[in-house]
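Peer 1: The primary structure of each chain is shown beneath.
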Amino acid sequence: GSAQNVVSPPSAKRFTVMLDWFPNADHAPLYAAIAHGYFRAVGLDVEPVVPAETAEPLKLLAAGKVDMAISYEPEVLLARDEGLKVVSIGALVQRPLTSIIALGEQRISSVAQLAGKTVGTAGIPYQTAMLHTTLQHAGVSPARVKEVNVGFNLVPAMLSGKVAATLGGYWNYEAVQLRLMHKHPLVIPVNEAGVPTYDELVLVVRENEARADGQDLRAFMQALTRGEHAVRAAPAAAAKLIVKANPSAEERLQLESIEQTLPAAQPADASDPYGWQEPTAWATFANWMYSHGLLVHNPNGGLPPFTNEFLPGQGI
Amino acid sequence: MNAARDAFAGRDAFAGRDAFAGRVRAFLPAMLLAGALAGAWELYADFSGVQQDLLPAPHAVASALWSNGGSVWRNFTVTAEQVLLGLALALACGSALAIAIHLFPLLRRAVYPLAVGSQAVPIPVIGVLLVFWWGFGIFPKLVVIALICFFPIVVSTVDGLAAVDPEQPKLLRTLDASRWQAFRFAELPAALPAALSGARIALAVGVIGAFIAETSTPSSAAYSGLGREIIDNISSGFQTPRAYAATVVLFAFAVACFYALALAERVLVPWHARRRGATA
Amino acid sequence: MNAARDAFAGRDAFAGRDAFAGRVRAFLPAMLLAGALAGAWELYADFSGVQQDLLPAPHAVASALWSNGGSVWRNFTVTAEQVLLGLALALACGSALAIAIHLFPLLRRAVYPLAVGSQAVPIPVIGVLLVFWWGFGIFPKLVVIALICFFPIVVSTVDGLAAVDPEQPKLLRTLDASRWQAFRFAELPAALPAALSGARIALAVGVIGAFIAETSTPSSAAYSGLGREIIDNISSGFQTPRAYAATVVLFAFAVACFYALALAERVLVPWHARRRGATA
Amino acid sequence: MASTGYPPTQPGADPLNLWGNAREGSEVPTELQSRPQPADRRRASGDAPAVAVERVSRTYHGEGGTTVRALADVSLHATGGELLAVVGPSGCGKSTLLELICGLQQPDSGRVACAPAVLMPQRDLLLPWLSALDNAALALRIARVPRARARAQASALFDELGLDGFQQARPHELSGGMRQRVAFARTLLSGKSLLCLDEPFGALDAITRGEMQEWLARTLAAQPRTTRPTASTALSRTVVLVTHDVEEAILLADRVAVLSRRPGRVVAELAVEIAHPRSRTDPEVLALRERALSALGAGEPL
Amino acid sequence: MASTGYPPTQPGADPLNLWGNAREGSEVPTELQSRPQPADRRRASGDAPAVAVERVSRTYHGEGGTTVRALADVSLHATGGELLAVVGPSGCGKSTLLELICGLQQPDSGRVACAPAVLMPQRDLLLPWLSALDNAALALRIARVPRARARAQASALFDELGLDGFQQARPHELSGGMRQRVAFARTLLSGKSLLCLDEPFGALDAITRGEMQEWLARTLAAQPRTTRPTASTALSRTVVLVTHDVEEAILLADRVAVLSRRPGRVVAELAVEIAHPRSRTDPEVLALRERALSALGAGEPL
Ligand SMILES: Nc1ncnc2c1ncn2[C@@H]1O[C@H](COP(=O)(O)OP(=O)(O)OP(=O)(O)O)[C@@H](O)[C@H]1O
Ligand SMILES: Nc1ncnc2c1ncn2[C@@H]1O[C@H](COP(=O)(O)OP(=O)(O)OP(=O)(O)O)[C@@H](O)[C@H]1O
Ligand SMILES: [Mg+2]
Ligand SMILES: [Mg+2]
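Residue numbers (the numbering used here), protein chains in the order written: chain A, 109 to 424; chain B, 19 to 298; chain C, 19 to 298; chain D, 127 to 428; chain E, 127 to 428.
Hints are computed from structural coordinates only; laboratory data are not their basis. Certain hints may be false.
[What the hints assert, rightly or not] Residues from chain D that face chain E, not an exhaustive set, calculated with beta carbons under 10 Å:
{"hint": "1", "residue": "GLU180"}
{"hint": "2", "residue": "SER183"}
{"hint": "3", "residue": "GLN306"}
{"hint": "4", "residue": "THR369"}
{"hint": "5", "residue": "ARG388"}
{"hint": "6", "residue": "LEU422"}
[What the hints assert, rightly or not] Listed next, the in silico SDA-like pairs over lysine to any residue satisfying Cα-Cα at most 25 Å (straight line):
{"hint": "7", "chain 1": "A", "residue 1": "LYS352", "chain 2": "A", "residue 2": "ASP153"}
{"hint": "8", "chain 1": "A", "residue 1": "LYS121", "chain 2": "C", "residue 2": "ILE156"}
{"hint": "9", "chain 1": "A", "residue 1": "LYS352", "chain 2": "C", "residue 2": "SER81"}
{"hint": "10", "chain 1": "A", "residue 1": "LYS193", "chain 2": "B", "residue 2": "TRP151"}
{"hint": "11", "chain 1": "A", "residue 1": "LYS254", "chain 2": "B", "residue 2": "TRP151"}
{"hint": "12", "chain 1": "A", "residue 1": "LYS193", "chain 2": "B", "residue 2": "GLY67"}
{"hint": "13", "chain 1": "A", "residue 1": "LYS270", "chain 2": "C", "residue 2": "GLU60"}
{"hint": "14", "chain 1": "A", "residue 1": "LYS270", "chain 2": "C", "residue 2": "ALA75"}
{"hint": "15", "chain 1": "A", "residue 1": "LYS225", "chain 2": "A", "residue 2": "VAL256"}
Backbone N, C-alpha and C fix where the C-beta goes; we use that ideal spot for every residue, glycine too.
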């Protein structure tokens, strides 16, 4: 991976980060920090690993095969519900990216218009729940919408015209693709359609290590923050880095996507540090999942699934 | 030489066991071995410290199977239907193609390489296209399974047809047999055993195919097959035991089909099955 | 009877074509057919109104292949290495298992069913486990490929071994051959052709296997194989031409390997290859 | 088959009507093509030879680049209805000769022109998946005779050949000699006008063989001989009998061709003008036998 | 092999030392087990029979549920060094008998006790992937003789059998008779003390066959006969020769056993006390031949 570009001082400690998906704009800060040697500077030799499927990162994290996993807030809650001792130590993206997307040709302008239509999802239970919530929020009975499990072929499914809309695509990725393809997509982020907001992408580590050696994690977050600044300063350069890490990524898309994502990476309250996780939001979302039967145990008891103590200027 | 005698005797036993009881006895060793392996797995899962969600212990799988029996069963029926229909499709197309290839050498040279290459086409690449053409029904899935299964059948059958004693066609020629009759009387029966091994391979590949088909083409049904159930339980949430439960069912299904085909062989090519046991 | 004569002549030609030039000529029909199909595809893609993103036209694929030649090539080397190593592993394990099964009937009854069932285990289910055991390197991928390839080899070889003329072992017994010698002198050579069809099937399945391996185990390298490239380009929707470009390379690779094996057969079982042509 | 324009005889109810029926004789071609294919053969007419092998040579190119001259400049003729016996040392090209006559091989030089011939190969090539009966009836089935009728005819022949009771046995359940007799029946039932028999009784014991020989002689004697007028000659059956048993040759044949060691040449052609039935103790037979043997023995020793 | 305790002879430099070497004779067991397996056989010693078949019956149960009585209550004995010929009608169980003697089948009733035997099957079972030479040398290779030596020995035998020049040919390139001779060579080279030959010369023409017969007679005559003292008798070679040629039987055998039609019974056992070399024209031979033939002919007709 890109990590090998910088000659590592012997002191540098190997630190494997498993991404949530193949390298894309969401990971720009990480790759920027690697490329600029920010991690080196704090003695970390960070190596990103691309997973085969979306639950893998947390499993391998809990199994001790990687030092950090990039995952989704819902997945973290599920993992803890299953008893995995993992904790989120920072948000890479502060808002839901998951959106309801429909091609322009479908002539759909609101969730309500999905009534009687076919909607494609990735077959992930909590996304199904999101669909139902948004429909109910729009006053449509979920029974009147036909859900189709299209796996990860969300865009092709839409292009094939076999589904009116999909839930599961990201407004900063699939939506951008479609726009670049002049498909004039309608994009409704789930949190704007009745689903409580949550942090789409979070950095997850093992609980015991969060307790024990916070040093590395704190250092990691600092370096990552610098990486984020670098991306903000030079998005084009960041896009190049992504393409370098993932040759099958398309630079134009990555750049577009990076620029769209930058605002979402910032905490709503500017006084909060980069990576901030809003406790109330987490609680609300956890309860939403619980109320939809996605979680077995009541999330309100026990240790919080996240901690901000490793963010710059936090903790201690 | 003891080894020799045992072996010869063993082959007899193998050929001789036609009674049902005998067949059950024949499966005993497999069951014992399976039991032993399950035991080892249980111990490993319980005491090696590997987590449930990486490798659930057999008992966890069993309970998952028990508690989700309903949905597993429904998904199983879906998958079984797909596999069997897909396999039938593959058998029809595969053997037809093999025969054509055998009878018309030009065809062999024209079509065979493409048939080979077709195997290299990843289903996800064309999955969407299939849906675009045929929608969310079962048909695209059958096409996927057939696409993956037909090749073993073609190769084994073509090779089997080519392996006939070269003197036989000579004889049939002097009996004024047409090419087709030479094929029907000499080559086809001679190739049947090979074709059947091809079918057995195709069956095993077909189960893989069903998994690929289900996971790479969209489906609208609530129960859309064991493959989908497995991938959903794997790729989100931490339902690994359920995924393993579904896998166990697939496993049993494959074994059952395989031996069903073995029986079919005894019926279709008795001379062969018997020859197997004819030694010593 | 004309059909007959053509066919017989054809077989001669097929057997006779040993010169390289001949071999090239032998591929002409395939190339023509491929060209024709590509043409049809081009027309369909251009005029049927199906979108690029579902079915890119050949020219789009070609240009994608041209413009991404570098990354496609790098990914190809990765995949090719995996396929060949995996296949070698499968050949070793597969034929060893087949021989053991043949020599020891008890083993047949104990292990065969499990081998069958093993084919039904979806790789994604065990993918994580393999990584847990062997990390992010190439080895887990090889294991996956071998797991998918070894079965065709086992089945064909076992069946080939069982198909020997039952009188042969009798003869060898009176020559005081040990079980092993009877195997080595009579059964093994007789089974080679079948084993080689098995290998050819395994090869085709192996390409599928490589795709599965790459897409169901994590990887840390930038170039992690054509399979990964394809799946990335597919699931990021609008890069279908690039996915197809990679697919074309896989296609060519499979065909090349297949005919490499066919050549190997001419060397390993000359008597068989020649017999094929011996008719008329 | 229908396309070949040469439908093989479909013996009538009498299973021993082995030499074709009138329908067959009705189409008598005027001349023979050289190097004919089984497909477009026409049976020899009148006195025109049913077998015409002229100055034929055949060389095999073995795998190791070795070349084997099997036949050198062999000429043989047999008129319709004649029984020509061919004897010769092992490996002198007898089987090759028959394959040439049947059009299964092409000569390197020379000319072969024959009536539609059926071959009884040296190795009985019985099909393991067919019962003995169905193996014998193969030719009939190929000629699209309904299975029941085909089996009936074959079965009748089984009695004649002493195979009764083994109709349903699979080839691997038969003894060597029984297999050979099944192959013999298969050949007879083909209804072709020219029979090429490659050591048909090689695996039979003296007694059974004697019976077979008598039986064949009777059958052939019962058919019109070459002295008859042309039209009916077309009905007569020609036999080329390759045998390693000189006595057998003398007992059965109208003429005996003796081949030399490889490369096979015709070193002697003995006409056998002895009335049937012939006895092996008949002095004429013994005399001829000695002549044939000496002709055989001629040529360098092994 | 080493485990079997019976290492087959490894002929010395002289390829025609076909009856084993001293090492073999040195281990002479005291008695024979009944129903022995090839593995644990010991060769017959002294005047103890090398072949002891006592009141043996064998019935085959065919596939169609049909049962075929092949042998009924057959008793045969051959002492070391003897050549026992077996003649009988086709299908009377001769091959079955040989398989019983070689331990490839077990009798339904009765007792078989024989020296370690090698079978030359009726169908030459040459391996298509081996050259003629390697096929002949198979037994030696199995006995772990180095390839070069094995080939040298086989090659020498090729000259004797008139196969010179075809060492490298693949079986399918050989004529029927040549294949049979290769199989014959393979059998001789096994170095076993008991040879079971199933129609070894069936596919050979009169001349070649005559040469083979003489050759075999010479070879066997050259070895110690049963009249010799025990110890060296162990070195002598016993032959059971199944043939359909009565003359051949008379010319070669010390005794001729005539079997009846199926189910095979021993209807006559003729001792042949004629000095070698025997000529087919010798009146004694002719007389015996007639006796044997009449014995054969006896029994209901086909
Ligand atoms: N397919 C072949 N390839 C190479 N050589 C061959 C082939 N067939 C036959 N021969 C050679 O041609 C010669 C004649 O063979 P053929 O079978 O005609 O002899 P034959 O007269 O039938 O002998 P036999 O009486 O033993 O059957 C033999 O030397 C044989 O080695
Ligand atoms: N495997 C078998 N299954 C059933 N019947 C068999 C089997 N082998 C032989 N027979 C029967 O046993 C009888 C004797 O067979 P065998 O081969 O011993 O005869 P044979 O004396 O060798 O005849 P030939 O001289 O023709 O070789 C035959 O009637 C045959 O049909
Ligand atoms: Mg011959
Ligand atoms: Mg026999």
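Peer 1: Need the list of violated hint numbers for this structure, in ascending order.
Peer 2: 1, 2, 10
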